[in-house]
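Q: Throw the hints in and build the complete structure from the sequences for me.
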Amino acid sequence: MSARIGVVTFPGSQDDQDALRAVARVGAEPVALWHRDADLHQVDAVILPGGFSYGDYLRAGAIARFSPVMEAVIAGAREGLPVLGICNGFQVLCESHLLPGALIRNGGLLFINRDERLRVESTATAWTTDYAVGQEIVIPIKNGEGRFTADEHTLDELEAEGRVIARYLNNPNGSARDIAGIANAAGNVVGLMPHPEHAVEELTGPYPGPATDGLPFFTSILKQLVAA
Amino acid sequence: MTTQPAQPAQQAQRQYAVDTVENAAVTPETEQPYAALGVKPDEYDRIREILGRRPTSSELAMYSVMWSEHCSYKSSKVHLKQFGDKAPEVDFLLVGPGENAGVVDVGGDLAVTFKIESHNHPSYVEPYQGAATGVGGIVRDILTMGARPIAVMDPLRFGAADAPDTHRVLPGVVRGIGGYGNSLGLPNIGGEVVFDPCYAGNPLVNALAVGVMKKSEIKLAQAHGPGNKVVLFGARTGGDGIGGASVLASATFDDGRPSKRPSVQVGDPFMEKVLIECCLEIFAEDLVVGIQDLGAAGLSCATTELAAAGMVSAGVGGMDVQLDLAPLRDATLVPEEILMSESQERMMAVVTPANVERFFELCEKWDVTATVIGTVTDTGRLRMTWHGETIVDVDPRTLAHQGPVYHRPYHRPVWQDDLQADTPDSLSRPKTGEELRETVLRLLASPNLADKSWVLEQYDHRVRGNTVLAHGEDSGMLRLDEESNLGIALATDGNGRYTKLDPYTGAQLALAEAYRNVAATGARPLAVTDCLNFGSPEDPEVMWQFAEATRGLADACQVLGTPVTGGNVSFYNQTQRSASSAGGAVSQAIHPTPIVGVLGVIDDVTRRTRLAFEQEGDILLLLGDTRDEFGGSEWAHVVHGHLGGLPPKVDLERERLLAEVLIAGSRDGMLSAAHDLSDGGLIQAVVESALRGGHGARIVLPETVLDQVNGDPFAALFAESAGRAVVAVPRSEELRFTDMCRFRGLPVARIGVVDGDAVEVQGQFSLPLDELRRAHTHTFPALFG
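Order-wise, the sequence lines are chains B and V.
In short: position in the first sequence from 1, add 61, done, that's this note's numbering.
In short: position in the second sequence from 1, add 49, done, that's this note's numbering.
In short, the hints are calculated from the structure, not lab data.
Don't be surprised by glycine CBs; every beta carbon is placed ideally from N, CA and C.
Please note: incorrect hints may appear among the correct ones.
Claimed, not checked - Covered by chain V, per the in silico footprint, the following chain B stretches (three or more residues, Cβ under 8 Å):
1) 71-81
2) 173-182
3) 253-261
A: This is the structure:
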């Protein structure tokens with residue numbers, strides 16, 4: 062059997078097609094979900110894609126959290142539904158309080174689109190089992206508000222519980238403790254500022270490479286779902 | 050019918066005195082402020098002649114914008130005609146100039162539409178919004194053809210890199226392009242950033258967009274079928290960009306209205322993003338008869354062009370519009386302002402009554418406001434009412450097609466001969482290896498040749514996941530089909546210095562370079578879009594530049610077989626500043642700057658050629674002839690601040706031959722890398738390829754090349770002769786490739802090998818990659834970071 066992985070399109074989502082393509086590339090069944098739809102259509106996992114949901118004019122992700130689909134996603138996530146929030150999706154997860162902390166304006170105040178080297182810190186989540194702890198990977202970032210921040214207590218807790226899943230090797234935006242991605246305590250919800258869906262093909266991935274370091278995010282979840 | 054709750058009652062009746070058609074007919078003596086709207090006395094007389102009475106103030110507003118230079122091309126039309134008259138015979142052109150954008154058959158069932166436009170003046174006044182709405186406008190042109198927009202590119206020109214105003218304009222322009230394009234989910238895959246003092250006060254912000262559709266889904270801007278509904282959808286109409294309309298309104302208003310709004314439009318990329326997705330779903334269900342975006346001249350333009358095109362193609366047509374139904378952002382707007390408003394993110398569709406309900410359902414799905422504001426008729430007239438009173442009653446063709454045409458006088462500038470006689474021959478040249486080494490570093494770090502990552506990292510080039518090549522390569526390349534790997538490539542080029550020295554040749558060189566760039570990546574050049582940026586057409590010397598440049602471009606397109614499919618003219622790029630360059634009457638105008646965009650097609654994008662030196666041991670070959678050509682060169686500009694002489698010679702047959710070789714080399718897997726030679730010459734290209742690939746090069750200048758330049762290594766390294774490229778080929782392919790070149794008659798010279806961590810020119814100098822990289826990358830952060 063294959064796994065059904067949903068990708069939510071909010072008005073203003075931009076990388077939804079890319080996430081759907083990445084899902085299909087690893088052999089899972091991509092399912093397009095619509096922001097007004099409270100029904101998750103029996104998907105086994107959900108990706109909240111990058112973009113500028115509702116224009117992000119108020120605060121990135123602040124409006125999206127109130128959309129009907131998010132009610133279902135939040136309820137599902139609390140029951141163990143695997144959820145990956147990429148970039149704007151990470152922002153939505155923080156606004157939804159499924160993940161702690163917040164993403165604020167980059168240190169340099171500019172939008173940055175760049176291939177970044179990351180170190181994988183945790184493979185104990187639904188989305189990272191196919192990596193090795195300490196593995197260095199190249200994944201693009203592209204955001205204006207990607208600087209992760211949280212109070213010291215929360216940061217200590219994230220570290221202590223092994224919930225930092227990836228760190229930047231050259232922190233591009235002033236993120237606290239170089240954090241590029243985190244997970245919830247159960248490990249089913251992951252937020253990641255870099256875009257693994259843009260590192261899944263030799264043809265279009267980071268140049269000069271490695272070009273496909275993002276694939277394991279998608280193979281990890283597929284293996285877990287198929288095994289379940 | 051509207052998808053949104055009724056807005057607060059518009060209180061337009063207050064003091065506003067509607068100037069009705071009836072009123073205009075009986076008050077012929079009423080003085081009208083036509084001059085303030087840019088309408089010339091003879092144009093005003095002609096309007097009265099057409100109508101058989103004075104225009105109403107609403108009609109005057111419409112004529113003033115529709116007959117403006119921007120909308121009517123009245124000064125350029127007689128010259129642009131050559132693009133049609135000299136158009137090469139091709140079988141792939143599905144829609145030519147005249148529509149919102151040209152459409153090209155790229156194979157299979159796919160068609161591609163692309164166009165370039167200027168947003169120069171708004172970007173000087175308000176860099177962020179000017180540049181942002183420039184992207185928004187060109188993307189709507191592409192959407193209007195029925196296509197999904199898939200990428201944008203931005204050729205930019207600024208004043209001197211260290212000039213204070215450049216530090217106001219450039220960061221805002223770049224943020225605006227990024228802010229709008231990124232929020233639309235469109236990859237930015239190329240463009241240029243060029244500095245020259247001539248652009249101070251007149252930055253050039255050109256924007257190119259490209260889209261793809263099924264051939265069967267091409268849409269046209271025509272209002273057919275009496276009884277069909279005219280739907281205005283997207284953003285509400287506000288007071289932005291109304292410009293001169295205030296002249297008409299101020300006659301009847303004193304105060305009590307929102308203050309005068311800026312003349313630069315404000316963009317809302319989120320609105321445009323949902324509008325794109327909404328339109329594509331509407332197109333997919335084939336719900337529109339015709340569609341037009343609202344850009345320059347807003348509702349005036351959309352209604353008249355739809356109605357006029359419908360009449361021309363169907364022989365019958367017309368349109369009734371109830372203008373008071375247009376949803377407003379500012380309820381105090383009067384008809385003249387509504388007609389001229391350039392509020393962004395608006396579209397107009399013609400829909401059969403049977404499809405209106407489904408059309409509105411899709412608008413509701415995307416939360417897009419839509420309102421039926423009119424009906425297609427068979428009266429041959431465009432009529433508009435305002436709360437029941439008729440304020441416009443015109444033949445739409447007189448607005449859209451029968452505007453004034455000027456045969457502006459032109460003559461060769463008196464200073465042109467002196468400029469061409471002031472050759473770079475007497476400029477002092479680097480002679481020793483050390484001097485050559487310093488010159489390499491100096492040019493590499495100069496703003497025009499320096500690494501542009503500071504700019505490009507603010508643009509998203511990845512979104513949609515089909516970007517095969519982008520910034521830093523010779524062309525931007527997109528995959529169109531994941532099954533077949535069919536793709537397209539796009540490059541834009543333009544050199545104002547070359548064009549100033551010789552407008553005819555300069556325009557041809559712009560085309561030649563873009564054409565060469567597309568071919569260098571392995572794609573076959575197909576078609577052209579152009580943005581012609583010039584000074585004032587009222588200056589006969591500028592007009593001569595324009596006439597020469599268009600003639601040159603049209604002639605070159607004919608030879609290369611690449612038709613111009615559409616584009617844009619931007620005149621009046623000049624200011625009253627006193628700085629003078631070459632002197633004389635045009636010292637205040639920019640260099641004539643035709644920007645040429647070339648679209649190419651590639652059957653299999655996995656065969657693309659990059660410019661990076663990736664494999665140690667690969668053989669480096671120089672293709673083409675090198676001449677001692679430095680007129681208008683980057684070296685003369687940077688080192689001597691000199692502009693004079695003649696630009697490099699252009700040989701279009703050679704360009705075509707070079708392109709064929711590059712494409713064949715890519716297709717047959719013979720090339721590891723290819724890079725076109727242009728600004729900065731051979732050594733600049735070699736250094737760029739070395740830096741990108743992280744491998745150095747050992748160069749040995751061969752006698753065959755040195756003999757072409759009187760044995761001067763400097764000329765061999767820095768001359769900007771056209772029709773050249775440097776390629777890297779695996780040793781195993783060298784013979785096959787050079788045989789092909791010789792068989793086809795393309796000069797080829799072995800100049801070295803990919804090797805090591807330095808770029809070395811034997812007997813002259815060696816520069817470590819680290820040092821080159823530092824020189825190349827520090828300039829922009831130091832200037833703008």
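Q: All hints, please: hold or fail.
A: Here's how the hints hold up against the structure:
1. 71-81: holds (count 7)
2. 173-182: With 3 residues in contact (Cβ-Cβ under 8 Å with chain V), the coverage given for the region 173-182 of chain B holds.
3. 253-261: holds (count 3)
Every hint from the earlier list agrees with this structure, and none is contradicted.
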